[in-house]
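Asker: The lines below spell out each chain.
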Amino acid sequence: MSKKKHRRKVSKRGLPPGTLIYTGDRKEYPSLISSVWLDEQNYEERETYLPEWRSRAGGLFWVDIRGLTDTALIEQIGSDFQVHPLALEDILNTHQRAKLDEYENGLFFILHNLKLEQDTLDLSSEQIAIFFGKGFVLSFQEDPDDTFEAVRIRAREGIGRLRKKGSDYLAYALVDNIVDGYYIFLDEVESQVLDLETMMYTNGADPSCKARIFDLKRVVNQFRHRLLPLRDAVARFYRTESDWVDDSNRPYLRDVVDHVAQILDGVDNQRDILDSMEALYHAEAANRLNDVMRVLTVISTIFIPLTFVAGIYGMNFDHIPELHYRYGYFATLGAMFLLSLGMLYYFKRKHWF
Amino acid sequence: MSKKKHRRKVSKRGLPPGTLIYTGDRKEYPSLISSVWLDEQNYEERETYLPEWRSRAGGLFWVDIRGLTDTALIEQIGSDFQVHPLALEDILNTHQRAKLDEYENGLFFILHNLKLEQDTLDLSSEQIAIFFGKGFVLSFQEDPDDTFEAVRIRAREGIGRLRKKGSDYLAYALVDNIVDGYYIFLDEVESQVLDLETMMYTNGADPSCKARIFDLKRVVNQFRHRLLPLRDAVARFYRTESDWVDDSNRPYLRDVVDHVAQILDGVDNQRDILDSMEALYHAEAANRLNDVMRVLTVISTIFIPLTFVAGIYGMNFDHIPELHYRYGYFATLGAMFLLSLGMLYYFKRKHWF
Amino acid sequence: MSKKKHRRKVSKRGLPPGTLIYTGDRKEYPSLISSVWLDEQNYEERETYLPEWRSRAGGLFWVDIRGLTDTALIEQIGSDFQVHPLALEDILNTHQRAKLDEYENGLFFILHNLKLEQDTLDLSSEQIAIFFGKGFVLSFQEDPDDTFEAVRIRAREGIGRLRKKGSDYLAYALVDNIVDGYYIFLDEVESQVLDLETMMYTNGADPSCKARIFDLKRVVNQFRHRLLPLRDAVARFYRTESDWVDDSNRPYLRDVVDHVAQILDGVDNQRDILDSMEALYHAEAANRLNDVMRVLTVISTIFIPLTFVAGIYGMNFDHIPELHYRYGYFATLGAMFLLSLGMLYYFKRKHWF
Amino acid sequence: MSKKKHRRKVSKRGLPPGTLIYTGDRKEYPSLISSVWLDEQNYEERETYLPEWRSRAGGLFWVDIRGLTDTALIEQIGSDFQVHPLALEDILNTHQRAKLDEYENGLFFILHNLKLEQDTLDLSSEQIAIFFGKGFVLSFQEDPDDTFEAVRIRAREGIGRLRKKGSDYLAYALVDNIVDGYYIFLDEVESQVLDLETMMYTNGADPSCKARIFDLKRVVNQFRHRLLPLRDAVARFYRTESDWVDDSNRPYLRDVVDHVAQILDGVDNQRDILDSMEALYHAEAANRLNDVMRVLTVISTIFIPLTFVAGIYGMNFDHIPELHYRYGYFATLGAMFLLSLGMLYYFKRKHWF
Amino acid sequence: MSKKKHRRKVSKRGLPPGTLIYTGDRKEYPSLISSVWLDEQNYEERETYLPEWRSRAGGLFWVDIRGLTDTALIEQIGSDFQVHPLALEDILNTHQRAKLDEYENGLFFILHNLKLEQDTLDLSSEQIAIFFGKGFVLSFQEDPDDTFEAVRIRAREGIGRLRKKGSDYLAYALVDNIVDGYYIFLDEVESQVLDLETMMYTNGADPSCKARIFDLKRVVNQFRHRLLPLRDAVARFYRTESDWVDDSNRPYLRDVVDHVAQILDGVDNQRDILDSMEALYHAEAANRLNDVMRVLTVISTIFIPLTFVAGIYGMNFDHIPELHYRYGYFATLGAMFLLSLGMLYYFKRKHWF
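Residue numbers (our numbering), protein chains in the order written: chain A, 1 to 353; chain B, 1 to 353; chain C, 1 to 353; chain D, 1 to 353; chain E, 1 to 353.
Any given hint might turn out to be false.
The list cannot tell twin chains apart, which means a pair is met if one copy fits it or any two copies do.
In silico DSBU-like cross-links for lysine-lysine, where the CA-CA straight-line distance does not exceed 30 Å [to be verified]:
{"hint": "1", "residue 1": "348", "residue 2": "210"}
{"hint": "2", "residue 1": "164", "residue 2": "99"}
{"hint": "3", "residue 1": "115", "residue 2": "210"}
{"hint": "4", "residue 1": "134", "residue 2": "99"}
{"hint": "5", "residue 1": "165", "residue 2": "134"}
{"hint": "6", "residue 1": "99", "residue 2": "27"}
{"hint": "7", "residue 1": "350", "residue 2": "27"}
Because the hints were derived from the structure by calculation, they are not lab data. Since the structure is predicted, the reported quantities are computational estimates derived from the model, not experimental observations.
Just chain A, with the same shape it has in the complex (with noise of 0.2 Å):
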């Protein structure tokens, strides 16, 4: 069993709901901030939040903040762009599970970047908030390192389909390259439970490989209950009647739903391979114990009957006729070689061992 750091929820009981505080445990970094305006000609970014680019006409406004501690300038970008105050309090409190939920001016979405920790076997997970309505799309990252520069970088260079599109491409991009992390998450998964096959295939069961089913059970489980909401918020989002998604975007959603879908497939795969080598484990072990114990008490019942033998002869009686031929010794001997190999015999014919 590997050590685990233990997340606790701040409690807010009490307070009226609204109330902005940072719940993560990402503390230390400061916010970092980028905006960027991009039509189907133009693509500008700079590192700095700038209000004004709102009222420009056309194009779509894209602005993404890395690191959640700066609670002032979030509140302000939420009262600009009119984001509800319980999707703020959701962006700040990491503890959400992934969810869509539909507000007048826009669509919320929450999910989470999911990483597998190689060496602990422990799953880290960076929460992820998206807002976006029309012309705007807002991006809300835990950690300060940029899980969207792939996206940025198409955006940049208008590779695909980003520059023609509206925020609902966007975000439906955004949602789609953490999306595509998972594949990643369940390659390593996989590749940890072949190593782990292999190694019990030329190793036998050993108890190293029972911790380590156990964590990979863990963490395929935790991934699990990730994914299951994900699944239904995903759904949501493809089938949202809301006036900021265009039809035309539609195969793009069911594609994210498709790919939800697959993922949770292999999850479940890699779940069935865990329990299978969980239950090969209990029985190779059990196996081996009961080989032991079979030996061992085949030796055990093999000399028993011959130390009676030598018993009997050890005995002071006056009148113990066999005691005085004059090979008796070497007839028991004999005699107790041959109880020995009839019984290792019969032993061996019955498989007793």
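Knowing the structure of chain A, use the given hints to seat chains B, C, D and E on it.
Answerer: This is chains B, C, D and E only, laid out in the frame that chain A set:
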């Protein structure tokens, strides 16, 4: 297995439905009452029941009863506010599941204040009933200690939106307050589980762990049983088409729905951890027993053949040539020593102990 | 495992549907009958069947039959009140699941009066059929003892709403009366489980506990099997759009739905407790066996090397110097004593017994 | 584990859908045929196919085929009554699940006549197909023995409503007849389970019980697998909005739905009983083994120290004072006797055997 | 545990959605192509891609690609027939779940050709994509060997309805052809299970059986995982309201739905059999071990008291009267013999071995 208090339901078979009897355990407490009147400008609070405030226009009248022994008072309030007889009965019969019932003149909510008793790992439950309609909220707490103090303070000091919104928002605030308490419950369970995990990690599987796992599983299951009907009740609160719930408050209700789902997730997670700890415990206990039996069996297995050899030379045959060799005794001892070394080496190499 | 009575269904294959045969076990009882006429002012009751009361206007005609052997009478009542042939067949075929069927002229309810037989821990079931429509309620009890006495008394003495409401309210009162009885059942099960828990807590795991757990689980499962279709039937009663149920009575029906759900919760809770008691029982039994085997094995393990030493000095070699030492015998005894003490200490420190 | 016959499906890959091949095992039987014409006054029956009866007005034409080997005849009937090619294929491919398909000119029902083979505890299945529309019912039995004889007799002798109702009622009567047979199946299973219970109660857990439990569980599971699709088919029969089902017959169809649900309940109940018998069997078997091992171990544990004592006085030291005592031998024997008594008493008091 | 090939998904994170890369394992095969033109009178077939046939009126144009390495060709066909970029991506990304996607100009079906590799008991999967719309069907097979040969032959020779119906019927025929192959898969699994059953019945539980059971369970579970999404896809094909599916073809689609359900039934049945075989295996293995241990323990238990008796008379007390009896030795031997007979008889009667 800890001793448990046993709840015995008062059988009311044969009584006509609607008979008012308080069926809970807190019969020794008097009923405390507070009447609160609030609107955007004003806040009045009295420690008595003031039915005449009902006729005031515009604001919100909140009657809070703590302790359910004064059946007559509850009956009078019931008739003043036209609470349906069955709802009245449910208030006093404190073994209800969480639920939301819609009546013509208001919505009726039953839920529970749940606490973990740290020493016995039992679940202590206090039933809370809330009835609200146009311009009023009635709340009934089974215990005389004030669960809603934080809400009362916010109302008194005008913090948050409480004084700007209607009776549905106040009811929401009360429910949200209870649900926030579940996070504390979950937190305490999580820290108990963590302590247990650390204990098992350092001390190995000892029987006290097992009792602890059993107790924690029991309380987690009880908690879960309470949450499942609450989830439904809260979802119906969110989706109700009742006149008494304003659409602008839906996001707050959805937020409560999310919280309950999140707590359920956490509970399921703790259940999984406890299950795997139990499996680990059993595996370790079995392992330890096996190790002991194996070592003991190995010892027997080594000595039984040696004893046989000693038996051989204890025989009283007249002609055992070895007995008369000069160093026969020492040679025999040496052979025994080598034999036992050989067996030890063989068993060791086969990992039999 | 307790002996159980075995129910054998009368095979009716080949008979046309609608043939009236009483298939239950209580064939020795005559059918008792009571005719009740009630409206807000009046209450008349006769111990005979009075079909002419059907033509009276305004009030409610309640015919209650106890004992199902008088097939002819039931057939006559059936034709007087136009009960559908299949409903009539269901009344007499007392191995039905709980259900609510809607016919053109009324609603037909089947449910069961369930009792726990304290000595054998068996479930005894009496089938109750209720058919009600405009101005009449027919109730058929399998047993001649009067389950509905409490309702009759309330009707006679004008307690509650029985005489102010229609046939649906009376039918509700009858169903409610049966469901109230389930609380008693559940209570008895709970107290049996509690007794068993105390017994296991004081006496430890002894085989009689196991039989008791088995029996209780069986009866709890049977009870649960009966409740599941009842839950559906009662929910359909609550949601039916039949003309024969007045909307003002819905809250009462919802109340019954809640009760059944609450009882199911309680049953599931008892099941969980029994499951964990069974697990505990097995764990304790295994533990005890292991303790015994371990102690016995430790004893053998200590004496086997000692016996070996004794065997050494029982050998008949000519030259065993120790044999001739003055205190050889006592030194050997002392060494054996020290060896066994050392082994005991080692085993003890390793917690091997 | 009993030997089982293995069904091998005829692979039809590559053949166009709609090819008529009989895929069952009863290839040696000729097809028997009966044509029945009935209305309220008349009943005619011939042992041959009389397609000209189709043109008669007013009554009901029932063609019953027993044995499916005469593919040409079935194809002709199919084309006379415009049976859809896929339905024809389903009639002959006798490995179908139970189902109800709606076609433009009629409803097509597939279900199975299930029998328990008492000696091998196997499930024997005969597929029955029923196609009915305006004025005709076609029934196809896989076996030549007449499953529908009872219905035929009722029709011939005018018992029940068969001659007053349409083709849907006749189809219902056929289905009801099959479903009634399931009660017999369930009855036989119940009596087998009861016998087994009695056997286990008197003889204790012996391995033949185990094989029996296995076999019964297998056949109960197979039966259950057959019932689940039937439940859906029958529910669709009840709820169909087809023109070919008259509303006045709905109560009869609901009755069949109830019967199937009741049988499923009974099956689940038997499954639960078998599961708990299996658990009991394992528990008893483990118990018995433990008892044996415990007794044997106790015997060894008592004799090993005694043997040690004997070994002590078998040593050849020159100076063992006790050896020369007058009653040393008898004192030793007595001490051994007391020691063994003490150990027996101690083990007994600790309930170790 | 057999060695398994490990699939590694190509991570496409960061690439814009819609990038065409073939992700499967069959990279060495060239793409083969066949263009087929058919109407009721004509049938033309070429081994090349003939886009000009698209403009022909009236008939059906079927393009079948075998082998997915020629990405450029697939992209060209995709743009000629306006296949949505995401569908094109799915064709090449051969780790999809079975699904049916509806696009504006056609329906897109993904399913898999599944084979059981007899030696390793692995599941080999070939992805098949079918896109069809008005007047055309495109089919993409991952493998170059022609899965659809039988359909092509029926089309060429005008067998069945293929040439009289539209593109939906051809698509149905292709899907039906794949599903028919699943029967073969199931058949092979059934025969493997049957072989294993026979083997276990004759040889008893030997460890090779266990590995075989594990492998079969794994492949059956994998197969089942593949069927579940296919069931949904096929059901959506049957219920789709797309313009591209003619209502007259619904019965055929329902037939496919039935087949998939039937195969799933068969798979579940095999799973149950395998589960009960596994339980039987474990039970038998445990039984055999117990038998061995019991016999060995009985042997020890008989000889230990005898050895004790021998030890008694091996003691060197000066006064052991029995030692000097004339027939003391023979009497002792006789007593030992009787004692061991008695114990054997007692153990036998108690069925201890």
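Asker: Each of the hints needs a verdict: does it hold here or not?
Answerer: Hint check:
no., hint, in the structure
1, 348 - 210, "between (32 Å within a copy, 22 Å between copies)"
2, 164 - 99, "both (27 Å within a copy, 29 Å between copies)"
3, 115 - 210, "within (23 Å within a copy, 33 Å between copies)"
4, 134 - 99, "within (20 Å within a copy, 33 Å between copies)"
5, 165 - 134, "both (12 Å within a copy, 29 Å between copies)"
6, 99 - 27, "within (24 Å within a copy, 40 Å between copies)"
7, 350 - 27, "neither (69 Å within a copy, 47 Å between copies)"
Checked against the numbered hints above, the structure violates only hint 7.
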